[in-house]
Structures are given as structure tokens and as C-alpha cells.
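Use these hints to put chain Z onto chain H, whose structure you have.
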Amino acid sequence: MTRERGVLDLLLQTWRGRIGLGVLGLFLFLAIFGSAIAPHDPDASSLDILGGISGDHWLGTTEQGSDVFSQLLAGARVSIVVGFAAAAISAILGAAVGLIGGYFGGWTDRVLDALENWFLVIPTLPLMIVLARLLNPSLTVLIAVIGLTSWAGTGRIVRAQVLTLRERAFVERARALGARDSYIIRTHILPNTLPLIFANTVLIVAVAILSEAALAFLGLGDPTRISWGTMLENAFSSGAPSAGAWWYVIPPGLCITLLVLSVSILGYLFEEYVNPRLREQV
Amino acid sequence: MNTRWLAGKVAAALVTFAFVLVFNFFLFRVMGDPTSQLARLPRATPEEIQKLRANYGLDKPITGQFVDYAGDTLRLDLGISQRTRRTVWTEIKEALPWTLLLVGTGTLLATLIGAWLGVIAATRRGKPADDGLLGFSLFTYAAPEYWIGIILILVFAVWLPVFPAGQQMTPGEDFSSWFAQAADVAKHLVLPASAMTLMLLGQYFLIMRSSMVDVLTEDFITVKRAIGLPWERVVRSHAVPNALLPLVTLSAIQFGAVVGGAITIETIFSWPGLGELSFNAINDKDFPVLQGTFLIFSAGVILANLLADCLYFVLDPRVQAT
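Chains H and Z supply the protein sequences, listed in that same order.
Following numbering that gives the first Met the number 0, the numbering of the first sequence begins with 0 at its first residue and continues without gaps.
Following numbering that gives the first Met the number 0, the numbering of the second sequence begins with 0 at its first residue and continues without gaps.
Note that these hints are calculated values from the structure, not bench results.
All C-beta atoms in this analysis are idealised placements derived from N, C-alpha and C, irrespective of residue type, glycine included.
Mixed in with the good hints there might be a few duds.
Said to hold, decoys possible - One-sided and incomplete, this derived list gives chain H residues near chain Z with beta-carbon spacing under 10 Å:
(1) Ile99
(2) Asn116
(3) Ile121
(4) Thr123
(5) Ile128
(6) Leu138
(7) Val140
(8) Leu189
(9) Asn191
(10) Leu193
(11) Ser237
(12) Ala239
(13) Gly252
(14) Ile255
(15) Thr256
Said to hold, decoys possible - Here are some chain H residues the structure puts well away from chain Z; computed CB gaps all over 10 Å:
(16) Asp40
(17) Ser241
(18) Val248
Here chain H stands alone, though its shape is the one from the complex:
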């Protein structure tokens, strides 16, 4: 049966795992070494406005005459940093709320569950927009806003898992032997929910990358940094689509899509590993 296959096997032996890892690895490489590879200063403007593809500018130039390819490399860093940092915040919040609510039950659980429900119902993008606008966007604010608005799904899943773990024999035995709640959560509950939290968090990374791009596209990006969303905003507001400047319009969106796709594929893979029932549907 495939259940016995390890995570590493799933990652390295299946084509989905290979593609996901490969594309994510490429973008990680670009995020780290992008500024060294970049042929131009991404902020440097020139008179070559909306210039097409050439030997000097592999992906043409922007409405400011900056190099599209160099901006693309700079954008990789913002997307990856925001995506992973916001997902980490969301994982910690979701895990904490789910663990505490699920384990202690009673009123604590009711209040936390109501909070979770509320965050699940409220439309996320408008909420992020409102928060980012009020706080004035910067990289930190974006990470915080995205992390704070995307934890509810994780919380819900963790809570459900904790509810079943709480009644299991090994937990009851620990409790009967006089173990304290903090000890039981740390040694029995948390380790058994971690794979679930991890799989879910990988999927949140994808959501966070898309959220950052959407906020930046709407003019709520960190004004001091170039991100793929900012590039699309600049391209759109400067009329690049009507000028037919496809080299400026297509690459940033394609990068977002490929990065999100690779992260989602890995997330689904982990999710299937944690919950083999899902595999039957694919």
C-alpha cells in the first residue's frame, strides 16, 4: 500500500513532487541570489520606455525604462518572504487557537470557535485591505495583516483533530497518571497534530503569496520594495496592456502563478500523506 511510502519518497519519486520541489527551489534560489544575478538595477530608470525584448533587456523595459527581468528577480524575494512569514504567523495562531479550544472545551472552546467562525465568514481581501490601509502598508504590516486574517481554517482543522485525540487511550492514561495539561498538550497532542498543521501551512503559503500580490496590485504593497503585484499595478496603471507590452504584463503574473502552483502541489501532496482518504479521490 502507498500509505507506507515516506514523505521523501512522495516528494522525490512522484512527478508532482519533483515539479513542485523544482519550481519552488528555483524561486528560492532567485529570492536569495536574485540581486547578484540581476543584469540591471531594478530601480534604475532610463529613456528606453516600454522597450521590447532585446539582448540588453531580456524581458524589455517598464514605463520608467527599468529592466523588467531585474524587477522580476527583486519581486521573488518579497513574495517568498511575505508568503512564508505570513503563513508561519497563521500556523502559530491557528495551532494555538485550535489546540486550546479543542483541548479545554467548554466556554473557552465556544468563544474561540465563534472567533474562528467569524474569521471564516468575513471576506478576507476586504478585511486585509481595510487593515493594510489603516496601518499604512510596509513589509511587516503586510505579513502581520495576512497572517492575522488567514489562520481560521488551520484552527478549525487542528481543533477537530484535537477533539478526537483528547479521547484517545494514551491521553486518558497520561491524565489518569496525573500529567498536567501543558505536559499532555506538549508531548501527546501537539506532536500528533504537527503533520496536519504543516500540510495546511504549506497551502496557506500559497494563499499568502496571492494575498500579497493582490494587495500590492491594489496599491497596498510596501512602497519601498518591488513585488510582482506592484509590477502588475505599475504595468496596468501606465497603460502597458493597451500598448501591447506583453513582456511587461505577462512575466510577473506568470511568476505568481508558477510559485503558487508549486507550493499548492506540495501542499496537496503533504495533505494526502497526512490524510490518505483524500488520495482515493484523485
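Just chain Z, lined up with the frame of chain H:
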């Protein structure tokens, strides 16, 4: 009990909405101090600011302010736009039908096409058609909808100028008839509605596919086949109707995403709905409008969830039995 189940859902929706009111109030009154908006009047004397604060009711204690705010909101008095100086409710009232038209068309098309493609994929599991559709739906899920919108503009408005790239109708045109105007609006609707459909399609497809896969393995399908019904008929009259149910719930869960999509897609196509209204408010820091649209978006999502619950209640006898 049926009525108690429904009453519970309605009560939950009302409580959620009350939370939205509280949240909206604190967010804009406390976190974003409204007096900071008075910085728009650089030469205001302290007395004038004091008078303005009194006008806005800001000199009252916070609970009193909240009661005022809740009362005003329920009377649809959402304040005045700082950009246009018109009431926020007027702005919302004008924008809402355009958003409903765009969102409605997009959701309808995505449901129909998604369900259709889902059946195709589920009945050809593991075959090239299934793989292709899965890949396509993953791609449209990962691609930002506004980027898809820009590409649609690039291809269908710039390279092959068949559809207009923006706005809801040809500006300054005198339409000879009601029909001519509707046709013009429809032409303008094609690209934004396509972007909306492509954004939602992947989810509808995936849900319909997995729901069909589940239904097709159930015993009653095997029985229908065993009694000799043709496969086509088993799929059409027995599997599809049973597999459609999850799509109903999905349309409600998706509504939050729809709202997000409305903001970016309307921005791209200068579609004069609530999304574009929010976008303008973001850039102009027009907080009353932003607060108003956030309230309407939240209320819309809560209402959509409630409607989906009711629809589920009507459609699924198992819910009524509990």
C-alpha cells in the same frame, strides 16, 4: 426540529452581523482615529476641530458613539464620501447592481461550466481529458484573476479588438432602444465576466469532479447498471443530480472569494461596481466609503451563507430529518 434548525441559522447570522458592526466601529473609530481625517483641513483652529468632533459625535463616551453608529448604520446612514461629498449609501446603491450583474453572470457560468467539466472528468478518471482538466483547474486557481483579466484585455481588446477593454457601456452614446443599451452592456460584460468565470471555474470543477467520483462508487449506481440501464442514462439521471448538492454549499463558501475577485476585476475593467468603489476609496484614503463597502461585503457574505444553508435545507432531506 425543522423550524428550530432554521431559527438557529438565522440567529447565528444576526450575531455574526452584530460582530461585524462592533468590529467595523472599533476599526475605524478607534484604530483609525477619525480626527486624523481632519488633517485634510490643515488650517483648522483647535476650536473648529472641537466643533467638528462634536458634529461627528466624537466627544461622547465610546459606548454612546457605538449606539449612534449602530443606529445610523441600520438606518443606512453610512456617512459622506470624502472624495465625492455624496452620501456613502448613494454611492453603494449606484454601484451594487453592477457588481450583482458581474458576480451573478460569473457565478452562473462557473457553476454550469464547472459542473459540466466535472462530469466529463469524473467519467473519464485517469484519462488524458481528466488530467488536462485537472491541470487547467489548478492553473486557473493559482493564477491571479486580475492577471487573467489583463491577459484577456491584451488578447481580446488590443491584439484582436473584438471587445471593449473597460467600462460598463459606451460613454456618451444615445441608445435608440432599451434593447440596444442592453446589447452594449452585454458586450462590455464579456471580458470581466470571463475573468470572473475563470477565477471560480477551477473550484466548481474540482468539487463537482470529486462529488461525482464519490457518487459513482455508491451501491445504487452499481444496482442501476446491474439492471441494465445504459451508462449514459445512469450518469445523466442518477449520478449527476446526486452529485450536484455540494456545489450549492460551495457557492456560499466561494462568496468571500467572489467579493475579493470583484474588487480586482472591477478595477481592471473600470466596471463601476462596489469593487471599483473600494479601489478608489483605498487610493484616496476615503475611510467612510471603505467602511461602508466593507460592511456591505460582509453583510453579503453572511446573507449568502444563510441562503445556502436554507437551500441545502430544502434540497437535502437528511438535514430536515435531524
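Hints and how they fare:
1. A cut of 10 Å between beta carbons decides the hint on isoleucine 99 of chain H: the least distance to chain Z is about 20 Å, and the hint is violated.
2. Annotation: interface hint on asparagine 116 of chain H holds; nearest CB of chain Z at approximately 7 Å, less than 10 Å.
3. With a least beta-carbon distance of about 6 Å to chain Z, the hint placing isoleucine 121 of chain H at the interface is held under the 10 Å criterion.
4. At a threshold of 10 Å, the smallest CB-CB gap from threonine 123 of chain H to chain Z is about 6 Å, leaving the interface hint in force.
5. Because the closest C-beta pair between isoleucine 128 of chain H and chain Z is about 6 Å apart, less than 10 Å, the hint holds.
6. Look at leucine 138 of chain H: its Cβ only gets to about 18 Å from chain Z, farther than 10 Å, so that hint breaks.
7. For the restraint placing valine 140 of chain H at the interface with chain Z, the shortest Cβ-Cβ distance is roughly 12 Å, beyond the 10 Å limit, so the hint is violated.
8. Look at leucine 189 of chain H: its Cβ only gets to about 29 Å from chain Z, farther than 10 Å, so that hint breaks.
9. Checking asparagine 191 of chain H against chain Z by beta carbon gives a least distance of about 27 Å; that is not within 10 Å, so the hint is violated.
10. At a threshold of 10 Å, the smallest CB-CB gap from leucine 193 of chain H to chain Z is about 26 Å, leaving the interface hint violated.
11. Here the hint on serine 237 of chain H is broken, as its CB sits about 12 Å from the closest CB of chain Z, past 10 Å.
12. Below 10 Å, beta-carbon pairs count as interface contacts, and alanine 239 of chain H has one with chain Z at about 9 Å; its hint therefore holds.
13. At its closest, the beta carbon of glycine 252 of chain H sits 3 Å from a beta carbon of chain Z; the interface hint therefore holds under the 10 Å criterion.
14. Using the Cβ-Cβ criterion of 10 Å, the hint placing isoleucine 255 of chain H at the interface with chain Z is satisfied: the shortest such distance is roughly 6 Å.
15. Look at threonine 256 of chain H: its Cβ gets to within about 4 Å of chain Z, closer than 10 Å, so that hint holds up.
16. At roughly 25 Å from the closest C-beta of chain Z, the C-beta of aspartate 40 of chain H stays outside 10 Å, upholding its exclusion from the interface.
17. With 10 Å as the threshold on Cβ separation, the claim that serine 241 of chain H sits away from chain Z is violated: the shortest Cβ distance comes to roughly 6 Å.
18. For valine 248 of chain H, the requirement that its beta carbon stay farther than 10 Å from each beta carbon of chain Z is not met, with the minimum near 5 Å.
Going through the hint list in order, the structure does not satisfy hints 1, 6, 7, 8, 9, 10, 11, 17 and 18.
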